[in-house]
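J.: Since the structure of chain A is provided, determine the placement of chain B on it from the hints.
If you want the building blocks of each chain, they are given just below.
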Amino acid sequence: MSAQESKREIIASRVREARRMAGLSQGQVAKMLGLQRPSVTEMESGNRSVSAEELAKLADIFDVSVAWLLGEGVRQLDPHDDRLQLAARELQKLKPDDLNRLLTILASMRDQGQQP
Amino acid sequence: MTTTTTDLAREALERSLEVRDEHDYDYRSPLCVYELCDKARVSVRFVDDVSMEGVYAALSKPSIILSSLRPLTRRAFTCAHELGHHVFKHGSTIDELKDEAERGMFNPEEFLVDAFAGYLLMPAQAVKRAFASRKFRMEEATPEEIYTVASSFGVGYETLIGHLAYGLRYIQRDRAETLCRTKLPKIRERILSEPTKEHLVIADRHHALGTLDAEVGNLVLLPERAETDSDLIEPVKDIGRGRVFRATRPGLARVEAEGFAVIVRVSRMQYAGLAKYRHLEETDSE
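Top line first, the protein sequences correspond to chains A and B.
Taking the numbering used here, the leading residue of the first sequence gets 1, the next gets one more, and so forth.
Taking the numbering used here, the leading residue of the second sequence gets 1, the next gets one more, and so forth.
Isolated chain A, as found in the complex (with noise of 0.2 Å):
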């Protein structure tokens, strides 16, 4: 698989887990993006390029970063960060793995770090 095939999947299953993330289906982001439901389908299976300026527009309706929807980043965020800023009243009480899901969906979202 050449390097722009690999990218193609990363942002393909990125743009996935993000819809799902977002609560959308297929045809709601298609008609978000002004295109067919095919078209989506496709960006999902890595079948078709992602311009710029629809990775733009995916991340801002599924409140993710735009970096990470191309892959780049860590995929989860590092517990012992300090930058990481939270209030859970019931953190201790999380499973391991409830809470490496909420690190994966904290770090999809857009520029992790503290508040400005």
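To be clear, the hints were calculated from the coordinates, so they are not data collected in a lab.
Predicted, not measured: the structure shown is a model, and the values here were computed from it.
Every clue listed holds true.
Lysine to any residue pairs mimicking SDA-like chemistry, simulated, CA-CA at most 20 Å apart: (1) B:89 <-> A:81; (2) B:61 <-> A:56; (3) A:93 <-> B:49; (4) B:61 <-> A:75; (5) B:61 <-> A:83; (6) B:89 <-> A:90; (7) B:128 <-> B:210; (8) A:95 <-> B:95; (9) A:31 <-> A:61; (10) B:197 <-> B:143; (11) B:276 <-> A:32; (12) A:93 <-> B:74; (13) B:237 <-> B:227; (14) A:93 <-> B:106; (15) B:183 <-> B:199; (16) B:276 <-> B:254; (17) B:89 <-> A:82; (18) B:98 <-> A:101; (19) B:276 <-> A:25; (20) A:95 <-> B:93.
To list a few chain A residues with every Cβ distance to chain B over 10 Å, as calculated: (21) 4; (22) 6; (23) 10; (24) 11; (25) 16; (26) 17; (27) 33; (28) 34; (29) 42; (30) 45; (31) 46; (32) 48; (33) 56; (34) 76.
Listed next, the stretches of chain A that the computed footprint assigns to chain B, with coverage defined by at least 3 CB atoms under 8 Å from CB atoms of chain B: (35) 78–88; (36) 100–108.
Think of the CB as a built atom: it goes at the ideal place given N, C-alpha and C, for glycine as much as any other residue.
T.: Same frame as chain A, now just chain B:
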């Protein structure tokens, strides 16, 4: 100087009213906490694969993550609670949070934002108005009446009772305990005159919010002769208290009756996704 729970409650009350002011909400009406979060530029996301109530993350775009596995009314209160963390600029590292929890001491931040959530969603004026407009007497209100008022604020039955007793001190503690002994299935049965396992949301003629949130499968009690041209909710039966509908699929349904109008906003059961999309209709091509 020691901060007492009374000081914290006062701080929570003052800040809740300031937040209402900042976002153009009066003190007399219920509000939609998700709409408020949107105005405050706080992202709200529901998840169905993490077992927890909610988390606030002080990211560059502040975010709240809520479990969609909790009841609809619980989610709204938890959202207000997490918004409180944002408003009071709370935030700790995961290691600090674990240390605090292990010490098991009273957590003033949690008390503060719980009180904030209560005052934000159910300000004193709005609560008094909700009872008075229905001619319900707070001290003698039946469980069905309390349930109706709770539904008008989008909060749970016991949440309203707790706020009446401990936040506003409008009812005595023993009265609150007595009310809490009546369980939700019994209240729904009394209202509908038959038992049901479905969640019931109510908007009567005094419903002050222009919207009513429900999930697919929920029963929705609206005033008698209520009509809608939408098939998102379908009529089930007429009872003495009004017309019962069932929510069938996501979207927005406008409902009208004489002197009454409300938008019923239906989301998927235990919807996972961004709050802003929870009522989007499925497209034709699904």
